[in-house]
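K.L.:
Each chain is listed here by its residues.
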Amino acid sequence: MNWLYEVRWSPYAVGIGIGVLSWFTFLLSKKPIGCSTAFARTSGMLAKIFKGSKINEQPYYKEFKPVVDWEWMLVLGVIAGSLISALLSGDFSWQWIPGKWAAVFGSGIVLRVAVAVAGGILLGFGARWAGGCTSGHGISGTLQLAVSSWIAAVCFFIGGIITAYVLFHLIGA
Amino acid sequence: MADTKNVHQNKTGSTTLLAGLLFGIIFGFLLQKGGVTKYDVIIGQLLLTDFTVVKIMLSAVVTGMLGIYFMKTMGWVTLYPKAGSVGKSVIGGLIFGAGFAVLGYCPGTIAGAVGNGYLDALVGGLAGIILGAGIFAALFPKLRKGILSKGDFGTATLPSVLKVNDWVVVIPAVLIIAALLYWLESAGL
Numbered sequence: 001m002n003w004l005y006e007v008r009w010s011p012y013a014v015g016i017g018i019g020v021l022s023w024f025t026f027l028l029s030k031k032p033i034g035c036s037t038a039f040a041r042t043s044g045m046l047a048k049i050f051k052g053s054k055i056n057e058q059p060y061y062k063e064f065k066p067v068v069d070w071e072w073m074l075v076l077g078v079i080a081g082s083l084i085s086a087l088l089s090g091d092f093s094w095q096w097i098p099g100k101w102a103a104v105f106g107s108g109i110v111l112r113v114a115v116a117v118a119g120g121i122l123l124g125f126g127a128r129w130a131g132g133c134t135s136g137h138g139i140s141g142t143l144q145l146a147v148s149s150w151i152a153a154v155c156f157f158i159g160g161i162i163t164a165y166v167l168f169h170l171i172g173a
Numbered sequence: 001m002a003d004t005k006n007v008h009q010n011k012t013g014s015t016t017l018l019a020g021l022l023f024g025i026i027f028g029f030l031l032q033k034g035g036v037t038k039y040d041v042i043i044g045q046l047l048l049t050d051f052t053v054v055k056i057m058l059s060a061v062v063t064g065m066l067g068i069y070f071m072k073t074m075g076w077v078t079l080y081p082k083a084g085s086v087g088k089s090v091i092g093g094l095i096f097g098a099g100f101a102v103l104g105y106c107p108g109t110i111a112g113a114v115g116n117g118y119l120d121a122l123v124g125g126l127a128g129i130i131l132g133a134g135i136f137a138a139l140f141p142k143l144r145k146g147i148l149s150k151g152d153f154g155t156a157t158l159p160s161v162l163k164v165n166d167w168v169v170v171i172p173a174v175l176i177i178a179a180l181l182y183w184l185e186s187a188g189l
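For the protein sequence lines, the chains are D and E, in the order given.
Numbers 1 to 173, taken from this note's numbering, label the letters of the first sequence in order.
Numbers 1 to 189, taken from this note's numbering, label the letters of the second sequence in order.
Derived from the structure by calculation, the hints contain no laboratory data.
Check each hint, because a few of them may be wrong.
[Claimed, not checked] Once the Cα atoms are required to be at most 20 angstroms apart in a straight line, the calculated PhoX-like pairs of lysine-lysine come out as:
hint, chain 1, residue 1, chain 2, residue 2
1, D, Lys54, E, Lys142
2, E, Lys72, D, Lys30
3, D, Lys62, E, Lys145
4, D, Lys48, D, Lys65
5, E, Lys142, D, Lys62
[Stated by the list, open to error] Which residues of chain D face chain E? A few of them, derived with a C-beta cut under 7 angstroms, are:
hint, residue
6, Trp9
7, Cys35
8, Trp70
9, Met73
10, Leu123
11, Trp129
12, Thr142
13, Ile161
What you are looking at is a predicted structure, and each value in this text was computed from that prediction instead of being measured.
Just so you know, even glycine gets a beta-carbon here, dropped at the ideal spot from N, CA and C.
The whole structure should be built from the sequences, with the hints applied where relevant.
P.N.:
The structure is reproduced here in structure tokens:
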């Protein structure tokens with residue numbers, strides 16, 4: 001079982017593993033893997049704390065109820081699974097600033113966190129606008145050959161490649 | 001239990017939740033082993049210097065597609081294609097892409113990044129994603145009849161659009177993706 005302790009696996013082994021996992025989520029849970037609605041539901045749960053149960057009447061939260069569901073638990077499981085993997089291989093570490101960020105933008109924590117919040121807002125907003133994320137559209141939707149998902153997935157990468165170029169080669173140059 | 005059906009429909013029954021958690025643990029384990037819980041790997045993909053993300057995604061898509069269309073042909077599963085439109089999928093996709101590059105994680109891999117100990121993901125990114133999703137929820141009533149419905153194509157799949165047997169699309173799609181992966185490897189990417 002030495003492979004469980006390795007830091008990195010071949011991307012193909014990981015990809016095939018995720019593909020097989022998706023067979024079982026379809027078969028046993030009747031659900032495709034996806035992650036972004038969990039964040040929408042969480043936003044509703046938090047809004048409820050401040051605004052009370054009238055949040056349930058908002059059109060979006062009528063469709064995506066602010067409750068813990070299968071997908072919310074899936075995202076919680078991802079945190080746990082990644083932690084288990086990182087602890088087994090010794091790859092776990094508390095880290096504020098990723099290396100590639102530090103090389104161009106320095107090791108200031110405030111700047112990195114502020115940019116992460118801004119990026120997160122765009123990501124959460126865009127995911128719900130498109131109706132899915134890199135998992136829901138990018139893997140689960142494209143493997144079903146859904147037209148919406150192929151278009152969204154290509155646009156994720158077009159938007160991402162252009163923005164990364166601007167950040168790292170124009171702003172950070 | 002009178003409300004079993006209702007519980008099932010809301011997908012909040014305890015067996016359902018436990019299944020979600022277990023599937024998530026495996027998914028997170030795989031993402032971490034693949035290295036995609038790391039900002040550097042994701043940004044490397046978007047800067048086109050590290051193709052780990054694309055290799056994982058495409059091999060998952062090929063594997064998943066073959067199994068799920070096989071099970072669909074056997075009548076064991078049904079598909080859940082998401083509805084889309086030009087306004088929804090293109091504009092939403094581009095906004096998502098910009099966020100993907102600025103944050104350096106996506107909604108699934110950020111959960112993995114938190115498990116890996118990355119504090120920019122935990123403190124900055126998670127809060128941002130929840131806030132962004134909340135802003136969208138607030139604007140949704142104004143957007144849904146306007147831009148989100150422009151160029152609507154519903155829950156179409158490629159075989160349904162082309163009006164052909166599923167495998168007429170699945171087999172060429174698998175071959176094209178396999179050829180693309182082979183090309184990436186032989187180009188040393």
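K.L.:
Under the constraints set out in the numbered hints, which ones does this structure not fulfil?
P.N.:
none
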